[in-house]
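Following the hints, complete the assembly by docking chain B onto the known chain A.
So the sequences go chain by chain: A and B.
Just so you know, the first sequence maps onto residues 1 to 502 in our numbering.
Just so you know, the second sequence maps onto residues 503 to 600 in our numbering.
Treat the hints as calculated values from the structure; they're not laboratory data.
No residue lacks a Cβ here, since even glycine has one placed at the ideal position from N, Cα and C.
Be careful, since some hints might not be right.
Ranges of calculated distance between the beta carbons of each label pair, as one might list FRET restraints [claimed, not checked]:
no.: 1; chain 1: B; residue 1: Ala580; chain 2: A; residue 2: Pro44; range: 43 to 49 Å
no.: 2; chain 1: B; residue 1: Ile559; chain 2: A; residue 2: Ala382; range: 22 to 28 Å
no.: 3; chain 1: B; residue 1: Leu574; chain 2: A; residue 2: Gly492; range: 40 to 46 Å
no.: 4; chain 1: B; residue 1: Pro553; chain 2: A; residue 2: Arg70; range: 52 to 58 Å
no.: 5; chain 1: A; residue 1: Gly92; chain 2: B; residue 2: Ala548; range: 34 to 40 Å
no.: 6; chain 1: B; residue 1: Pro553; chain 2: A; residue 2: Gly278; range: 29 to 35 Å
no.: 7; chain 1: A; residue 1: Ala358; chain 2: B; residue 2: Arg508; range: 27 to 33 Å
no.: 8; chain 1: A; residue 1: Glu154; chain 2: B; residue 2: Glu562; range: 46 to 52 Å
no.: 9; chain 1: A; residue 1: Glu37; chain 2: B; residue 2: Leu574; range: 41 to 47 Å
no.: 10; chain 1: A; residue 1: Ser485; chain 2: B; residue 2: Arg508; range: 54 to 60 Å
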Amino acid sequence: MGDLMGHDLTRQSASTLADAISQGEVSAEEVTKAHLERIAEVDPRVHAFLYVDSDDALAAAKGVDAKRARGDRLGALAGVPLALKDILTMKGVPTTCGSKILEGWRPPYDSHVVERLRTSDIVILGKTNMDEFAMGSSTEHSAYGPTRNPWDLERIPGGSGGGSSAAIAAFEAPLAIGTDTGGSIRQPAAVTGTVGVKPTYGGVSRYGLVALASSLDQAGPCARNVLDTALLHAAIAGHDPRDSTSINAAVPDVVGAALNGDVRGMRIGLVRELSGAGYQAGVEQRFREAVELLEGLGAEVIEVSCPHFEYALGAYYLILPSEASSNLARFDGMRYGLRAGDDGSHSVEEVMAITREAGFGPEVKRRIMLGTYALSSGYYDAYYGQAQKIRTLITRDFDAAFTQVDVLISPTAPTTAFKIGEKVDDPIAMYLNDVATIPVNLAGNAAMSLPIGLAPEDGLPVGLQIIAPPMTDDRLYRVGSAVESALVDKWGQLLIEEAPAL
Amino acid sequence: MSAITRADVEHLGRLARLNLTPEEIDNFAGQLDVILASVARISEVAAHDIPPTSHPIPVENVYREDVVRPGLLRADVAAGAPAWEDDRFRVPRILGEA
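Extracted from the complex, chain A is given alone in its bound form (with noise of 0.2 Å):
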């Protein structure tokens, strides 16, 4: 480990900085203003964050030195800075959901999420800029404008978790909080360079997460490097009564599978639906040196067919409207948030709609009236039920390849960063970006995106998608320790330490 004296602190990882603050090399307290002062310094440019909450942040550091001075045992991650997405709630400090109809808008309690994270002296820094209510592959679709790549400011850093992986990315934070119903914290981690997990449906409590889609939402970890990523899926995962989908059961080890990354004797199903055309030529390349990488790693790999998955990206854009068509009716601008019109002569429906018309962006608006569609008389049967018919399809896909193989594995997103701007007008482009990770949310199971390499055609970052069964979360660390030991072995350092400076 080392003295940190003299290192730059925002380029440590969340162990290193951990273990440095349990042993008193660096205090708390010195670690979380290293990041406030990163963040003054790049987010003018970057925009990861809505809000910065450097007061609090540097009482719960104070408070990380102070119970380390009385000799109190500190968590695996205490005094380590994270950065949650905007969707959280967090009592007291304001939570947009990357909208206007939330602007302002100070919850009167906390998410699961940030009870844990409080639990293990965790700062959290502040709050990530988002697609409106999760809606979106690039955080373009934030009523508080675009995040930025740190790899390149002129693109995308992915989304709707864009603020999450750009502040990792940046060195603002070395943790975050994403969630995932479509991909959204797998693709932003594999167009910036970093790991991103989604966990088992029901892995990690929804209390507190504004829904967008219930029965596909899932918060999860990101961070520069897979045994970070392990130990905050460690402090956030596990059962909570206040979500009745939250699972009753014990949170697979995920931080032994990350300490112990080995794949030899396991077999690996390469998804032959998720390749081919729309794939990038850069990412088809470094995805197929990864599979090259695990056969020399000794993995078996084999190629498995999901044939309904092309019917994936159809079904998702009927479910998730509908469920949001209907999570979002909670937005009227009567118990908080937003009231607009409210003049003393329209009516409370009027001022409902007057509310929703000022408050939601063009793509909320129109995944409400998709879902709206979708599930009204007439045409229920052929869109939302049929929809639900492909989704079992799709979790029987999963479930014969599973009987072949440990995990499977296909690239996280069909291309790299694309330019802001490029796909906003385009819903159909915009939503292809999930294509991969969709099937994933559908059927509830474990994926991490891990970084493979740049593509040679425009030097931007590459994800391998990890997918495990159901509650087997630890194998998705236990492959993703082995590639990545075995690319840092290769270049020398992790693949984030190539992003130019800010």
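For chain B alone, kept in the frame of chain A given last:
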């Protein structure tokens, strides 16, 4: 399946409580039509005998112990309300003119 007209979008806007502008109605009609055309491919799959999945993991109803737990503090909730009067949410009139 079907083409989305301006009238359809206006109807959806009413159902979804969105007071759309004429420009939005024009834009959304075209966009929703393209999106629905692309998702309509799912109808190619013969699936009458396939059970629907509403949820990725089997969900059972869960009862909690019947014990009192603290709720949200009234003052905290009031602080987030768009309008608050006489210790209650103030809302616009609920009946229409006609």
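Problem set entry | Index of numbered hints that the structure contradicts, given in increasing order | 1, 3, 5, 7 and 9
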